[in-house]
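**Q** Sequences are here, hints too, so could you generate the full structure?
According to the numbering used here, the residues represented by the sequence shown are 1 to 218, in order.
Hints are computed from structural coordinates only; laboratory data are not their basis.
A couple of the hints might just be wrong.
As the list claims (entries may be wrong) - Calculated cross-link-like contacts (lysine-lysine; reagent style BS3-like; alpha-carbon spacing at most 25 Å):
| no. | residue 1 | residue 2 |
| --- | --- | --- |
| 1 | Lys66 | Lys148 |
| 2 | Lys148 | Lys116 |
| 3 | Lys180 | Lys31 |
| 4 | Lys21 | Lys66 |
| 5 | Lys180 | Lys116 |
| 6 | Lys180 | Lys21 |
| 7 | Lys64 | Lys180 |
| 8 | Lys140 | Lys180 |
| 9 | Lys168 | Lys116 |
| 10 | Lys46 | Lys31 |
| 11 | Lys51 | Lys21 |
| 12 | Lys66 | Lys140 |
| 13 | Lys35 | Lys66 |
| 14 | Lys168 | Lys139 |
| 15 | Lys64 | Lys21 |
| 16 | Lys64 | Lys213 |
| 17 | Lys116 | Lys156 |
| 18 | Lys66 | Lys46 |
| 19 | Lys51 | Lys31 |
| 20 | Lys213 | Lys180 |
| 21 | Lys140 | Lys21 |
| 22 | Lys140 | Lys94 |
| 23 | Lys35 | Lys21 |
| 24 | Lys148 | Lys21 |
| 25 | Lys140 | Lys51 |
| 26 | Lys94 | Lys180 |
| 27 | Lys46 | Lys64 |
| 28 | Lys139 | Lys156 |
| 29 | Lys168 | Lys66 |
| 30 | Lys51 | Lys64 |
| 31 | Lys21 | Lys168 |
| 32 | Lys140 | Lys168 |
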Amino acid sequence: DELTNLVNNAVYFILVADQHKRTITRADIVKNVLKDSSCSFAEVLKEARRKLVHVFGYELIDVKEKQGSYMLVNKMDVPDVSQFIKKSDEDYAKQGFVTLVLSLIMMMGGCVEEGKLWNLLASLGIMLNSPDAIFGNVKKWVTTDLVKQLYLDYSKVDGSEPTTYQFKWGPRARSEVPKKDLLDFVCEVHGDGMQPEQWLSVFNEINEEAQSKSQSKK
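**A** Following this line, the structure appears as structure tokens:
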């Protein structure tokens with residue numbers, strides 16, 4: 001029937017949008033899926049959410065910072081649907097770069113001024129202003145693409161003069177990326193038998209957040 005077709009189309013649209021890490025909006029679903037249908041958006045979204053969970057193991061959650069926007073989070077112990085979609089070397093390179101940027105922000109206390117992030121990346125040999133074969137202009141990719149994809153929050157530092165900007169984790173990063181795994185990644189990159197406990201402030205923060213989440217579920 002019409003509702004079933006719309007739900008299937010909505011699920012397909014949402015999965016494709018998420019694979020490209022585009023923000024999923026109510027307006028786009030209405031425009032590309034519902035169009036002139038008599039079915040209500042709420043009804044289609046409800047059934048699409050149910051199918052995403054039970055078939056693909058994804059939860060479609062609201063982005064609190066952006067009304068009418070959604071993102072997918074893999075919450076269940078099932079294979080990630082992305083394994084069925086071939087990833088290119090470019091995809092893996094971008095994924096690795098996102099991991100690096102999020103790691104740097106986490107190790108800097110969860111917030112880092114723009115200039116400091118550029119200096120950190122430059123010290124790792126990443127050319128910021130020279131066109132890159134994968135990222136193009138790295139600065140633009142970080143401040144525009146990763147912000148649009150909700151991996152990063154890019155905001156003005158209150159009271160800064162001259163005006164400076166800072167980076168924090170965005171809602172997608174907070175929902176999808178386990179900080180414990182990132183800390184393990186940092187230790188592995190550092191080498192010399194580095195253990196997570198040696199990064200005491202970050203280690204304690206991760207444990208406190210885990211305990212808080214555990215208590216909130218009770």
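**Q** None of the hints should be skipped; say for each whether it holds.
**A** Checked hints:
| no. | hint | in the structure |
| --- | --- | --- |
| 1 | Lys66 x Lys148 | holds (11 Å) |
| 2 | Lys148 x Lys116 | holds (21 Å) |
| 3 | Lys180 x Lys31 | violated (39 Å) |
| 4 | Lys21 x Lys66 | holds (15 Å) |
| 5 | Lys180 x Lys116 | holds (23 Å) |
| 6 | Lys180 x Lys21 | holds (23 Å) |
| 7 | Lys64 x Lys180 | holds (24 Å) |
| 8 | Lys140 x Lys180 | violated (28 Å) |
| 9 | Lys168 x Lys116 | holds (13 Å) |
| 10 | Lys46 x Lys31 | holds (17 Å) |
| 11 | Lys51 x Lys21 | holds (20 Å) |
| 12 | Lys66 x Lys140 | holds (21 Å) |
| 13 | Lys35 x Lys66 | holds (23 Å) |
| 14 | Lys168 x Lys139 | holds (15 Å) |
| 15 | Lys64 x Lys21 | holds (17 Å) |
| 16 | Lys64 x Lys213 | holds (18 Å) |
| 17 | Lys116 x Lys156 | holds (14 Å) |
| 18 | Lys66 x Lys46 | holds (19 Å) |
| 19 | Lys51 x Lys31 | holds (21 Å) |
| 20 | Lys213 x Lys180 | holds (14 Å) |
| 21 | Lys140 x Lys21 | holds (16 Å) |
| 22 | Lys140 x Lys94 | holds (14 Å) |
| 23 | Lys35 x Lys21 | holds (23 Å) |
| 24 | Lys148 x Lys21 | holds (8 Å) |
| 25 | Lys140 x Lys51 | violated (36 Å) |
| 26 | Lys94 x Lys180 | holds (21 Å) |
| 27 | Lys46 x Lys64 | holds (18 Å) |
| 28 | Lys139 x Lys156 | holds (16 Å) |
| 29 | Lys168 x Lys66 | holds (16 Å) |
| 30 | Lys51 x Lys64 | holds (22 Å) |
| 31 | Lys21 x Lys168 | holds (18 Å) |
| 32 | Lys140 x Lys168 | holds (16 Å) |
Hints 3, 8, 25 from the earlier list are contradicted by this structure; the remaining hints agree with it.
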